[in-house]
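Student: Here is how the chains run, residue by residue.
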Amino acid sequence: MKPSTTLIYDGSFNGFLTAVFVAFDEKINVADIQKNNEVQNGLFSETETIFTHLDKAKRVWNGIRNKSHNAISNVYFAFLSESEGVELMLYTYIQKLMASKNGKSLDYSDGIVLHISQLARKVGREKHRMEAFVRFQLTKDDVYFANIEPDFDVLPLISKHFRNRYADQQWLIYDVKRNYGIYYNLDHVEMVSLNLKDIYHNKIQKSKVMASEEYDYQTLWNDYFRSTHIKSRINPKLHRQHVPKRYWKYLSEKKQVV
Amino acid sequence: MDFERIREKLNILADAAKYDVSCASSGSDRANKNNGLGNASRMGICHSYTEDGRCISLLKILLTNHCIYDCAYCVTRRSNDVKRAAFKIQEVVDLTINFYRRNYIEGLFLSSGIFKNADYTMERLVSVAKKLREEENFNGYIHLKSIPGASDELMYEAGLYADRLSVNIEVPTISGLKLLAPDKKHEDFTKPMQKVKNEIIRYRSERKIIKNTPKYAPAGQSTQMIVGASGETDKDIMYSATYYYKVYLMRRVYYSGYVPVADDARLPAIGSQVPMLRENRLYQTDWLLRFYGFAVNEILNKEHPNLDMDVDPKLSWALRNLHLFPVDINYVEKALLARVPGIGMKSVNKILHARKFRKLNWEHLKKIGIAINRAKYFMVCDSRDWERRDLDADKIKGMILQSSMGKFRKQYSTQLALFN
Chain L
1 MKPSTTLIYD GSFNGFLTAV FVAFDEKINV ADIQKNNEVQ NGLFSETETI
51 FTHLDKAKRV WNGIRNKSHN AISNVYFAFL SESEGVELML YTYIQKLMAS
101 KNGKSLDYSD GIVLHISQLA RKVGREKHRM EAFVRFQLTK DDVYFANIEP
151 DFDVLPLISK HFRNRYADQQ WLIYDVKRNY GIYYNLDHVE MVSLNLKDIY
201 HNKIQKSKVM ASEEYDYQTL WNDYFRSTHI KSRINPKLHR QHVPKRYWKY
251 LSEKKQVV
Chain A
1 MDFERIREKL NILADAAKYD VSCASSGSDR ANKNNGLGNA SRMGICHSYT
51 EDGRCISLLK ILLTNHCIYD CAYCVTRRSN DVKRAAFKIQ EVVDLTINFY
101 RRNYIEGLFL SSGIFKNADY TMERLVSVAK KLREEENFNG YIHLKSIPGA
151 SDELMYEAGL YADRLSVNIE VPTISGLKLL APDKKHEDFT KPMQKVKNEI
201 IRYRSERKII KNTPKYAPAG QSTQMIVGAS GETDKDIMYS ATYYYKVYLM
251 RRVYYSGYVP VADDARLPAI GSQVPMLREN RLYQTDWLLR FYGFAVNEIL
301 NKEHPNLDMD VDPKLSWALR NLHLFPVDIN YVEKALLARV PGIGMKSVNK
351 ILHARKFRKL NWEHLKKIGI AINRAKYFMV CDSRDWERRD LDADKIKGMI
401 LQSSMGKFRK QYSTQLALFN
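Sequence order for the protein chains is L and A.
Quick note on numbering: full-length UniProt numbering labels position 50 of the first sequence as 50, and the sequence is numbered without any gaps.
Quick note on numbering: full-length UniProt numbering labels position 7 of the second sequence as 7, and the sequence is numbered without any gaps.
In short, the hints are calculated from the structure, not lab data.
Careful: at least some of the hints might be erroneous.
Said to hold, decoys possible - Which bits of chain L does chain A cover? Going by a derived footprint, with three or more residues having C-beta under 8 Å, they are:
| id | segment |
| --- | --- |
| 1 | 58–69 |
| 2 | 109–120 |
| 3 | 164–172 |
| 4 | 207–219 |
| 5 | 224–236 |
Claimed, not checked - Using C-beta positions, here's what the derived DEER-type ranges look like:
| id | chain 1 | residue 1 | chain 2 | residue 2 | range |
| --- | --- | --- | --- | --- | --- |
| 6 | L | Asp187 | A | Asn373 | 53 to 59 Å |
| 7 | L | Asp168 | A | Ile372 | 48 to 54 Å |
| 8 | L | Arg121 | A | Met399 | 29 to 35 Å |
| 9 | L | Asn164 | A | Arg388 | 54 to 60 Å |
| 10 | A | Arg42 | L | Glu46 | 47 to 53 Å |
| 11 | A | Lys356 | L | Asp168 | 37 to 43 Å |
| 12 | L | Pro244 | A | Lys356 | 33 to 39 Å |
| 13 | A | Leu352 | L | Asp142 | 51 to 57 Å |
| 14 | A | Asn373 | L | Leu196 | 47 to 53 Å |
| 15 | A | Leu249 | L | His188 | 38 to 44 Å |
| 16 | A | Gly36 | L | Gln95 | 42 to 48 Å |
| 17 | A | Lys356 | L | Arg226 | 49 to 55 Å |
Note that beta-carbon positions come from the ideal geometry of N, C-alpha and C, so glycine has one too.
Generate coordinates for the entire structure from the input sequences, incorporating the hints supplied.
Tutor: Quick look at the structure:
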């Protein structure tokens with residue numbers, strides 16, 4: 001039997017796909033696939049470092065997509081969940097998918113298939129939440145700016161939505177947890193990383209970098225939010241279910257509470 | 001902008017608009033045009049939620065709360081002593097655009113009290129939508145209220161700018177309408193609906209020939225009924241909802257538990273409970289009709305004019321039709337699989353996919369996520385373990401109620417409370 005090998009990649013999605021390519025190509029008995037900044041050596045396995053190769057990654061991407069569109073989005077979404085050990089699980093998932101004659105049907109009675117589709121669902125939910133909970137604040141230099149702190153790395157997933165929607169304004173969405181953001185300069189979206197001194201969540205005191213009418217609109221929105229409650233139907237539990245507390249500090253309508 | 005004045009108006013006019021339940025922003029796929037502002041998301045986005053747990057996705061306001069009518073159930077009725085205000089057209093446009101740019105909302109839901117007459121009001125509503133679309137190049141979602149009695153020409157124009165149009169029929173029965181809103185006629189409600197429906201059909205057929213036919217109300221029509229204001233049965237409500245779904249091709253019918261807003265002998269007194277559980281059961285029935293393939297007379301009929309409060313309508317249908325069960329989950333066709341209590345449409349699809357690979361047992365079903373405590377009395381699977389006792393409906397119901405806990409249980413529990 002071939003010795004089992006731990007593959008080490010650079011942490012990017014393309015890197016992961018390259019690792020999958022190499023594993024298939026060289027018929028490697030994969031023990032684990034790990035990011036290069038969190039390597040843990042196995043006792044009985046060798047390690048091999050994978051260098052990201054776009055063409056190889058593309059072949060894997062197309063291969064999965066030709067099997068099933070559903071599967072490729074599951075793989076990408078689940079990968080962005082950054083959950084521990086997801087790479088090996090995805091590798092098994094891809095193996096199963098490639099072995100199946102008909103990739104269209106998913107075997108939900110299989111533990112890994114079900115788990116991957118549930119993970120993808122979680123990430124999809126976070127993506128949808130971020131499309132809803134981003135709150136732009138207008139700065140003095142005419143950029144609509146927002147901080148977010150999502151559970152999963154969803155910036156790559158939401159950029160298309162915001163580009164299509166806010167095509168005539170400059171905007172910047174910054175992920176405070178992962179320290180990078182996406183910026184739209186009226187032409188295309190690019191990745192940026194900033195040296196943020198301050199996180200602009202909904203503080204009561206006003207910041208000088210924001211445009212003067214910004215706080216007026218926040219007040220109006222706050223008022224609007226409060227006047228939509230129907231007192232005789234109040235249901236705080238349901239409210240928290242829909243708007244979990246961890247998002248509150250970035251929602252301007254929750255200013256009073258935070 | 002006179003900030004304080006706008007603020008005051010917004011408070012008054014948003015407060016009056018909150019009794020409209022609909023806040024859907026889904027169903028339209030209007031794309032962003034010429035790098036303008038906004039687009040509509042087909043599945044809709046809820047940007048926030050009220051403290052009673054309803055979605056906030058649109059800026060829902062009245063243009064004015066002045067009204068010439070005196071409908072008993074309405075908070076802006078003529079005889080009610082409340083502060084009145086009215087927005088200028090430009091003010092609504094500015095608010096919408098600025099909220100939208102900050103990603104607070106999906107678009108605008110504009111309704112209005114009726115001042116002067118129906119056409120005058122409708123014209124104002126249409127001109128807000130027109131201004132947003134043509135001057136601001138705004139492609140977000142716009143929901144306009146059709147004013148009862150508005151002319152066909154205005155309704156036609158409204159559909160060109162709005163994504164959704166709605167008329168609230170409010171009272172499901174004609175006799176109830178006579179009692180509670182004596183100034184309004186039933187035809188006033190149906191006339192604009194009919195016009196919009198005809199235009200939607202016409203535009204759809206034109207689109208088949210000419211692909212770039214402009215959009216006409218792409219998210220269709222909806223309506224709303226008040227529940228528990230005029231003593232109607234659940235059967236009355238659901239039958240009339242089915243009628244509106246069928247005849248006017250409604251996308252949605254909303255059910256709104258009556259929130260007491262007036263001291264009137266014709267209505268439940270102020271301070272009486274909002275019938276939230278009943279509202280919930282009506283929505284469950286609505287879903288069964290639209291997605292699960294039930295016919296309305298299977299759930300509600302002469303023998304059963306009202307829904308059971310203690311169990312959901314699907315379970316209560318299954319308990320009345322025990323001769324159809326148990327079914328084998330690995331072989332039964334989709335239509336009947338969807339009728340097993342405790343299995344939703346998501347699980348139905350997963351089961352259909354999964355059973356191509358292997359026969360499913362309880363473990364699999366549990367992981368897929370069906371509610372086994374309800375389903376187990378109605379199904380068998382690939383396991384020697386299944387309900388062998390010949391239980392009657394009451395017995396099953398009792399056992400299910402014992403093994404589960406619903407959030408509304410307090411309201412209908414017959415068990416005596418120890419401490420009151």
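Student: None of the hints should be skipped; say for each whether it holds.
Tutor: Consistency of the hints with the structure:
1. 58–69: Coverage by chain A is violated here, the residue count being 0 at a Cβ distance below 8 Å.
2. 109–120: Satisfied; 4 residues make the cut.
3. 164–172: holds (count 6)
4. 207–219: holds (count 4)
5. 224–236: With 11 residues in contact (Cβ-Cβ under 8 Å with chain A), the coverage given for the segment 224–236 of chain L holds.
6. L:Asp187 x A:Asn373: 53 to 59 Å: With Cβ atoms ~56 Å apart, the hint holds.
7. L:Asp168 x A:Ile372: 48 to 54 Å: Since the Cβ atoms of L:Asp168 and A:Ile372 sit about 52 Å apart, the hinted range of 48 to 54 Å holds.
8. L:Arg121 x A:Met399: 29 to 35 Å: 32 Å, holds
9. L:Asn164 x A:Arg388: 54 to 60 Å: 57 Å, holds
10. A:Arg42 x L:Glu46: 47 to 53 Å: 49 Å, holds
11. A:Lys356 x L:Asp168: 37 to 43 Å: Violated, at about 49 Å.
12. L:Pro244 x A:Lys356: 33 to 39 Å: For A:Lys356 against L:Pro244, whose Cβ atoms are near 37 Å apart, the range 33 to 39 Å holds.
13. A:Leu352 x L:Asp142: 51 to 57 Å: 52 Å, holds
14. A:Asn373 x L:Leu196: 47 to 53 Å: For L:Leu196 against A:Asn373, whose Cβ atoms are near 50 Å apart, the range 47 to 53 Å holds.
15. A:Leu249 x L:His188: 38 to 44 Å: Given range 38 to 44 Å: holds, Cβ gap about 41 Å.
16. A:Gly36 x L:Gln95: 42 to 48 Å: About 46 Å separates the Cβ atoms of A:Gly36 and L:Gln95, which means 42 to 48 Å holds.
17. A:Lys356 x L:Arg226: 49 to 55 Å: 52 Å, holds
Violated hints, in rising order: 1 and 11; the structure is consistent with all others.
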